[in-house]
Structure formats: C-alpha cells, structure tokens
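> Using the sequences and the hints given, assemble the complete structure.
Chains as they are written, first to last, in our numbering: chain A, 1 to 323; chain B, 1001 to 1389.
In short, the hints are calculated from the structure, not lab data.
Hints may be right or wrong, so weigh each one.
[Claimed, not checked] Partial pick of chain A residues on the chain B-facing surface, computed with a CB cut under 10 Å:
| id | residue |
| --- | --- |
| 1 | Ser-83 |
| 2 | Thr-88 |
| 3 | Trp-94 |
[What the hints assert, rightly or not] As a list, the in silico EDC-like pairs of lysine to aspartate or glutamate whose alpha-carbon atoms are at most 20 Å apart:
| id | chain 1 | residue 1 | chain 2 | residue 2 |
| --- | --- | --- | --- | --- |
| 4 | A | Lys-119 | B | Asp-1050 |
| 5 | A | Lys-119 | B | Glu-1090 |
| 6 | B | Lys-1333 | B | Glu-1300 |
| 7 | A | Lys-119 | B | Glu-1203 |
Ideal placement from N, C-alpha and C gives every residue a C-beta, glycine not left out.
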Amino acid sequence: MKVAADIPSYVRCRHVCGASLAASRCFKFRRLVKEVSDEELFAPGHRGCAGCGCTVAMRLALKAAGRNVIVTHATGCMEVISSPYPETAWRVPWIHVAFENSAAVASGVEAALRALGRKDVKVIAFGGDGGTVDIGFQALSGALERGHDFVYICYDNEAYMNTGIQRSGATPYGAATTTSPAGKRSFGNKTFKKDMPRIAAAHGIPYVATASVAFPLDYMEKVRKALSIEGPAYVHVHASCTPGWGIASEKSIEVARLAVDSGMWILYEIEHGKARVTYKPTVKRPVAEYLRMQKRFRHLTDEHIAVLQRYVDERWEEVFGGD
Amino acid sequence: MPHRDVMHGSRAVAEAVKLCDVKVIAAYPITPQTHIVEDIAEMLANGEFDAEYIMVESEHSAMSACIGASATGARTFTATASQGLALMHEVLWIASGMRLPIVMVNANRALSAPINIWNDQSDSIAERDSGWVQLYVETCQEALDSVIQAYRIAEHQDVLLPVMVCMDGFVLTHTVEPVEVPDKEQVRRYLPELRLPHALDPEHPVTMGSLGDPNYYMECRKQQEIAMEHALRVAEEADEEFRRVFGRGYGILEEYNMQDAEVVLVTMGSVAGTIKETIDMLGSDVGLLRLRMFRPFPKEAVRRALRNAKVVNVIEKDVSMGFGEGALMTELKSVLYGSDIRILGTVAGLGGRDITTEHVRQAIERAERALRGERVEEVAWAGLKEEAL
Ligand SMILES: Cc1ncc(C[n+]2csc(CCOP(=O)(O)OP(=O)(O)O)c2C)c(N)n1
Ligand code: SF4
Ligand SMILES: [Mg+2]
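Right under this line is the structure:
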C-alpha cells in the first residue's frame, strides 16, 4: 500500500462508508493509506499458520505505532510463533514475561520510561483473549485503573489456540473447542462471549475500541488514536484463526469480515466516554452465513443458530437502532 | 553526612531505598512487610526523593512490573512476605532467567495454612531454587546495609541476577534499633548508576523472553549457574568495599566464638542474636556460624569455617515436609559430605513461636551429648507442645 492513486476503483472503502464509496475517492482512506508506513516492524518469516489473522493484528499495530515503541506480550500463539530463539519477528524492543501479566509488565515499562525521562517512547501490551479476559483480567484491570499511559491490545481469536483450541471467556456461544466439544449431550460452548471492551470501558479510561483484522484502516486508526491519547487505552481486535475456527487459510479475512457484517462483532470506539460506531454494515448478513463458513459451528442446529441470531439482533438494535 | 537514629527495621530498609536512588517501586501490602512500602510512600509524598511508585493490585503484578521496569533499565525495588512471595513464585524464575538486577526485601513470615502472620523462614527458603541471590540479615543496620550491597551485587556485569534480602518479620521489621544511615554521596560513589546491557530501547531493539527450545534452554540455566558463582565473589568484594567506605561489614558468613569450637551452632537471620546471647551467658565454648548468604551457597567458606568442628546443630525456622528436617541442615550435610562432622538439626520458631535462650541451651546440650558419644535425637523441634499433637 503506497499512494491512493494506485488503488483501483473497484476497491471499496470499508473504512467508514461501507461498500458505498470507491476507496480511491474516500479522502479518509487516501490519507490513511498515504500515512501507513511500508516499513515492516513485525517481520515476515515468523511461524504463524498460513492465513493467521492474528499476525495481521501484530503487523498493523506496529505500522500504526512506528519504531518508537516498547512491546510487552503475554504467552500465547503470537508470542510463540514470533520469538523462537535465536530468531525474532520483532524489530522493536519486545518482552514476553508470562501468560497473565502483560499489562503489569507494561506498567513497569511505562513507569520506568517516565522515571528515566523518556516520555517519547510508547508502550503497547499485547495479550490473546485467554491472556486478557481470563487469566490476565486482574493485571489488566489494575493497569487500566492506575492510569498508566499505554495501549493494551487484545487479539481475540476466541479460544486458547496455543495450547490447542480450548475455550476461553471470549469463546462464542455454540463454538466447539477441545474443552467445549460438540457431542450427543453438548452443542459446544454454553456461554456467551464475555464483553471485555465494555468491562474495559467501565474503568473510565479515555479510550476503548473494538476492531477487526478485516478492517485494517479502521484498526490502525484506532491504534494510532489510542497511542496518541494520554492514559490507558484498550483495543480489542477480532482476529481469525484458521485451525481454531476451522477455516481455509484464504478465507481468513473473509470470515473475519463476515463476523462484522453479520453483527457478531461490532466496530466502535469510546473516546472520553462518548461512544461512536465506526462502521455500520450496509447490509446485515444472516449469522448463519458466518457460522456455516466455520467448522467450529458446523454442528449447530437451527435452534442454536436462532439463539445466536437473537443475541445478535438484540445487540444490533441496541447499537444501530431498529433496522 | 551519615547520621545515627533509632528506627524500625522497615524504616531502615526504606532509608536504603532512598539512598540507592531507586527509580521504580512496586508496592503491595502484606504484614509484616507493609511498613516498608508505607515508609517509602511517605518519603515520596514528602519529596524526600523521586521515584515512580506503582501501587499494583497483587504481588504477582508487583514482580511483573519490576521485571518490566528493570528490563527498561531502571533501578527497581519491591518488598513482600509469605503469601506474597508465594504468589510471585512463577515470576521470580522469570526475573532471574531474564537476568534482571531487581532487589526485593522479604520480611520472612510463615506460610498458610493455618494462616499465620508471624515470623519463620519457610517462605524464602521455598524459593531457594528460583535463581535469586539470597541474603539473610541479623539486625536492622544489616538490613539497611544489605539493600545497598544487594544492588551492587545484582547490577555487577558478571552477575546480573535479582537479589532477595531476607529479614525476619516483626523481629526486625517491627523492632526499633539504633541505625546509622550512610551519607548519600558516599552511597552514590559505592553504587554507580545501573547500566543494563540488554535494556529495552527503541534505538537498539532486543527481544526478551523468547522461546528457548531444548537446543538452547540448558545453556541459559548454566549461564545462570555461572553468574551465581560470580555472585559469591562479587558479594564478598561488595562487602569488603562496603567496609572500606562505610566502616562496617559482615562477610558472606559470620563466625562467632569459633576459635577451637568443637560444637558449632549454625543458623541464619536474627536468631543469631539470641544464640550469641546464650553463648555469652553460659560462658560456653560453643561456636556460632551465621550464614548471611544462602544463595549462592558459600560451600567453601562453610567448610573452612567448620574445619575444626566435631558436632554441628543447625537451628532453623523452616522444615522440608516429608524430609523431616530443615533445608539448611540438609544442605549442610551435602556440603560436609565425607567429613566426620556429626550434623544435628533443630526446627524452631515456626509461625513465630519464640526461640528462647533455653531452647538454644537445649540445642547446645544435645550437641555436647553427641560429642561425648551419647545417643541423641537427630532432629528436635524446639518448644513443641507434645501434649497438643
Ligand atoms: C500460568 C499459565 N497457565 C497456563 C499456561 C499455558 N498456556 C500458554 S498459552 C495458553 C493459551 C493462550 O491463549 P490466548 O491468550 O487466547 O492466546 P492464543 O494462543 O489463542 O493466541 C495457555 C493456556 C501458561 N503458559 N501459563
Ligand atoms: S493457531 Fe491460529 S492464532 Fe495460532 S498461529 Fe495458527 S492461525 Fe494464528
Ligand atoms: Mg486466543
């Protein structure tokens, strides 16, 4: 991606305008594309699966952040695939300590930068959904509440993937994982996804956003905004996982996009308490379409699908109003 | 200028933190450590020195924040005890594995259950394999001085390991003693600014905490072991230099009344004071060997100190359950393997049970009976209420 002039007219702006506008004509899109660095700070050659959506979340966040950043990371897929000694995908200073403490480590980094008079350096903490909504919940809550100037990015692939697809608090209703398998007496995961962005927002922090790897400009702009705002920011990026979701590698982004277009995932931001939807699908696609593309949902009956559709409709109504 | 004052052990530690120009402090309350972080908070509130003070939400996060801060190149401090130290267990190994010169004071306290806030040393002894240098102090003065020495050891380029200064909870933390507070400029000269060779810095990006597969892991551990060996030498040098600059030192172990002693009591921490008192009171020719450094274990120095001993009785505030004796006793047996020294043990003071001069006298008597060739219990529990078992 270099200059907007290179963008063919059939590329639609998915940034704010949905499918209505050719990207080359959208000024916001053009500005962003121009500003996006072509420097790869998350280097290729890592060991992520082909089609991994989560690596996209790493790469784009660093494009938005630039070089002047220190990254802390929770144990999980992205940590493991990016840092097998003596190789590393990280061209910025990076530290992984344990599974549940990325936010606490970031607190220390941020405090040290302040103590050493290096206010120019930004801090990003990454964690998977397990490392964020489950085991790292307390450390995250503490760091948000204390007001550290950092950005926490949860890349949410909706299960513990690194250990072989076990359910987490972010696993959606009905998804089959190895600890919530579908069977004669089970339809998969029995609970609904923990609403982590809202919990983060309840800390009264200046910036919270949801994002998706299928909407790269929207995501990058949110990361950039999160970094520019003083104080803690939380970005929750929905990111596909090919083996975990049971999808073909070339479908990875398509499925992630359908999550948003069906309302299973909603893109918004809350800036200083003011919520704003950043993308409204022009056509609301049926949840069934999204589910059918993934092996983890394949066992679901019409009844379960109807439950999920109702869940989505309620949230859609709440966010977008009647449709 | 150095000045003398009377203060609690906790205050003495806070004074040391202030003197050392610590940049980042992570704080979480737990008895009997709390006064340390409270005193530091008060000093910061009064503008006595400048540091970032992170009031974390758990000890796990306290150590994690220290790891982050230390990895960024800042001098870092935290303090804990007992349950807090146990909660840190996971990250203690990571701090040492990442070779970060964090200094932590552990106010030794018993572990639950039953919950007990009083002193023993099971908490830090349980962490003896975590790759931290461990110092055990006898007095409030030594606590202050050891924190300063700890940074010098931890930050030495041949070491780069975290150091835990262990002080007996209540017995030292809550006890008022006369303490000399060194001069800040002198401390600055003794303790140059931290230079962490692998610090996180956008100018020189490094990857820390990477995956070490079976091809690499063992070498990391061996390097840590080598750093531990260096720590032994560096600690001795740090103490000698400390003596030169400040006029007092401690060695990595202390010998008391050891000339020609055939019976020697071995211990760590504040109970050494009671033991010395008892020896003096009885006019006994029994010696005392106090280990100030438990990790790395000063094997050679211990062998040398005990070369004339015939019977040793280890008085310690911990027990390795299922092994029937304290860890120090076991380790001493290992260090003295092949010698004729008879090694006895005394488990004492668990959960804050008082260790009295009478208990010490009994320990001496048992050792002396062994010296005369009488049969004695190998391990005794001092002050145990047999009738309550
Ligand atoms: C304290 C602790 N418990 C469990 C593990 C094992 N573990 C490592 S990664 C992981 C799953 C990570 O899941 P998530 O945070 O969702 O990241 P993902 O792998 O899906 O990217 C687990 C359970 C660990 N490393 N540490
Ligand atoms: S398992 Fe999933 S999250 Fe992990 S590297 Fe593969 S696609 Fe990415
Ligand atoms: Mg996950």
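> Could you run down the list of hints and mark each one as holding or not?
Hint-by-hint comparison with the structure:
{"no.": "1", "hint": "Ser-83", "verdict": "4 Å, holds"}
{"no.": "2", "hint": "Thr-88", "verdict": "4 Å, holds"}
{"no.": "3", "hint": "Trp-94", "verdict": "5 Å, holds"}
{"no.": "4", "hint": "Lys-119(A) x Asp-1050(B)", "verdict": "16 Å, holds"}
{"no.": "5", "hint": "Lys-119(A) x Glu-1090(B)", "verdict": "30 Å, violated"}
{"no.": "6", "hint": "Lys-1333(B) x Glu-1300(B)", "verdict": "13 Å, holds"}
{"no.": "7", "hint": "Lys-119(A) x Glu-1203(B)", "verdict": "14 Å, holds"}
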